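Peer 1: Chain residues, written in single-letter form:
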Amino acid sequence: MNGSQLTIDLAFTIFVLAILTGFAVISKVPATLHTPLMSGANSIHGIVLVGAMIIATSANDPITYLLSFVAVAFASLNVVGGYVVTDRMLQMFKRKPAAPKAEKAEG
Amino acid sequence: MTLNSTTLDQIIRLIWLGGAVAFVLGLIRMNSPATARNGNLLSAGGMAVAIAATAVWLLVLPPSGSFNPLGWLVIVLGIAIGGGYGLYSARTVKMTAMPQLVSLFNAMGGGAAALVAISEYVGHASAGTVPGLQDNVATVLDVVIGSVTFTGSLIASGKLMGLRITPSRPTRIPGGQLVTVLLTVIVIVGGLYIWLGNVSLPVLLAILAAALIFGVTMTLPIGGADMPVVISLLNSFTGTAVAMAGFVLNNPLLIIAGALVGASGAILTKLMADAMNRSVLNIMVGGFGGGEGSVAEAGGAGGSVREVSMDDAAIQLAYASEVIIVPGYGLAVAQAQHGVRELAEILEGKGVDVKYAIHPVAGRMPGHMNVLLAEANVPYTQLWEMEDVNPEFQRCDVALVVGANDVTNPAARRPGSPVSGMPILDVDHAKNIIVMKRSMGRGYAGIDNELYTNPKTGMLFADAKAGLAELVAAVKAL
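Here the protein sequences come in this chain order: A and B. Residue numbers 1 to 107, in my numbering, belong to the letters of the first sequence in order. Residue numbers 1 to 478, in my numbering, belong to the letters of the second sequence in order.
Hints listed in this document are in silico derivations from the structure and should not be mistaken for laboratory results. Just so it is clear, the structure is predicted and the values come from calculations on it, not from any experiment. A couple of the hints might just be wrong.
[As the list claims (entries may be wrong)] Capping the alpha-carbon separation at 16 Å, the derived lysine to aspartate or glutamate pairs in EDC-like fashion look like this:
{"hint": "1", "chain 1": "B", "residue 1": "K350", "chain 2": "B", "residue 2": "D397"}
{"hint": "2", "chain 1": "B", "residue 1": "K94", "chain 2": "A", "residue 2": "D61"}
{"hint": "3", "chain 1": "A", "residue 1": "K28", "chain 2": "B", "residue 2": "D397"}
[Unchecked claim] Computed, partial: chain A to chain B, Cβ under 8 Å:
{"hint": "4", "residue": "Q5"}
{"hint": "5", "residue": "T35"}
{"hint": "6", "residue": "A56"}
{"hint": "7", "residue": "S76"}
{"hint": "8", "residue": "L90"}
A virtual CB, placed ideally from N, CA and C, is assigned to each residue, including glycine.
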């Protein structure tokens with residue numbers, strides 16, 4: 001078994017503090033960013049890949065191997081696809097073409 | 001081996017904490033357009049590091065006590081297939097189809113979270129061990145929330161794709177309430193049975209089936225126009241399911257990241273619903289009475305409607321000095337953003353000043369219209385936000401409404417209408433109004449749009465894409 005185990009009180013403390021953080025990080029977002037922000041948050045819950053990897057390494061019969069395979073594939077799709085599509089969206093939100101960079105003078 | 005296993009375990013946990021910090025800072029940066037892209041990259045970096053650290057942790061300190069080659073094969077294959085398909089679809093998706101892809105990704109996350117708990121439970125059932133109460137509570141909640149999200153997001157995605165089995169209009173399910181009650185009873189009774197310490201895989205599978213069906217029956221009755229809010233809500237659900245998976249696996253990173261998304265997703269859902277002047281509850285229980293798609297008879301209660309021909313509309317537009325284009329949901333559905341850009345360019349060539357009026361919720365999702373028009377190479381400077389463009393309407397000669405409906409309804413200015421209080425574009429202040437629309441069908445609110453019966457308004461009945469092409473040809477022919 002892996003080292004330290006979370007006790008339920010500690011796990012619950014972490015859970016509640018993370019919820020409060022989640023409430024705090026979304027402030028007054030312009031409507032333009034609602035979709036990318038949702039997509040970005042969507043990528044973060046792809047962290048379930050970590051859980052899928054854990055169950056895969058402790059699998060020991062055909063059913064658990066199959067379940068963990070599907071879980072790993074689903075979670076990877078969520079992570080990779082989520083971040084890439086969010087980046088594509090945000091790439092389009094350039095207010096104006098990038099200003100020509102000033103030549104860096106030799107020092 | 002110089003590093004003892006407890007130290008390594010602690011180092012990995014600190015790296016996980018670093019990942020969680022990257023998620024939080026990334027989300028904060030995504031609140032503002034200037035730092036948003038950077039924030040997403042920060043979040044992705046945190047994710048990559050956290051997953052790499054997990055791989056090291058599982059290799060050096062395998063939970064089953066020894067290296068599990070088949071387990072690692074499963075991981076490598078799963079990441080290659082899932083990640084490969086994710087990369088491919090995210091890169092190739094058309095921006096118009098992006099909302100349904102996000103919903104699909106969300107379904108995958110919810111499904112994975114449910115599978116984690118089911119797989120753990122299968123392990124307990126075959127080993128004959130009884131999980132503790134907190135594990136049982138978390139398992140049932142994870143399976144229920146994860147499965148509802150899985151099927152719910154797939155249905156939402158199907159509705160946005162316009163699949164025939166999932167029509168975008170609200171679909172009434174016969175005996176829907178009875179089905180809901182039945183499913184709820186199955187989940188509650190089964191959940192209590194498991195919480196009382198009985199290890200039964202069939203009971204968990206019954207709960208799973210009930211939750212999967214509930215995801216379908218919950219999402220089907222909701223209209224396509226409300227899908228953004230639904231997807232955002234389901235996104236928040238997935239976060240919660242992942243946090244529950246964290247409780248099942250005793251993993252702090254899953255708890256933190258899941259709770260973070262659950263909470264921030266809930267706030268975002270409320271912001272989206274507020275922008276549409278809807279309450280989340282209102283949307284989830286089926287929204288406005290009438291629903292989308294009910295066709296009002298032309299010249300009904302509100303007065304008569306004037307039709308305008310393609311050539312008349314072309315003349316009005318070509319000889320105007322200022323034109324404001326109001327794109328909406330219908331334009332996104334018809335994928336007519338290139339047509340509208342072409343028309344605007346031709347008009348500009350004739351010396352007309354063209355602006356686009358973007359309502360905060362125009363398109364299929366808030367901000368979606370900006371993405372669509374940006375993709376069609378419309379210069380950002382021509383896109384005007386609602387507050388800035390509203391005073392312009394009284395100066396403009398022609399307002400051309402393409403596929404927008406409820407966001408232009410003057411009825412929103414007075415109380416007593418379902419759209420009352422919703423911020424609208426002041427299209428009715430324009431000197432002339434041309435509305436391009438397929439039929440007199442109502443918008444999502446299911447009410448008549450008073451703009452259409454305004455004497456200044458000419459209705460141009462056409463599909464947005466075909467209609468714009470005709471209009472472009474008509475303007476060119478002048």
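Peer 1: Indicate, hint by hint, whether the structure satisfies it.
Peer 2: Hints versus structure:
Annotation: proposed proximity of K350(B) to D397(B) holds, straight-line Cα distance about 15 Å (limit 16 Å). Straight-line distance between C-alpha atoms of K94(B) and D61(A) comes to about 41 Å, which puts the hinted pair past the 16 Å bound. Distance restraint check for K28(A) and D397(B): the Cα-Cα separation of roughly 35 Å exceeds the 16 Å cut-off, and the hinted pair is therefore not satisfied. A hinted interface residue such as Q5(A) counts as satisfied when its beta carbon comes closer than 8 Å to some beta carbon of chain B; here the least separation is about 6 Å, so the hint holds.
Evaluation of the T35(A) hint against chain B yields a held restraint, the C-beta minimum of about 4 Å falling below 8 Å. About 5 Å separates the beta-carbon of A56(A) from the nearest beta-carbon of chain B, less than 8 Å, and the hint is met. Here the hint on S76(A) is kept, as its CB sits about 3 Å from the closest CB of chain B, short of 8 Å. Hint status for L90(A) relative to chain B: holds, with the closest Cβ pair at about 4 Å, below 8 Å.
The structure does not agree with the numbered hints 2 and 3 stated previously, though it agrees with the rest.
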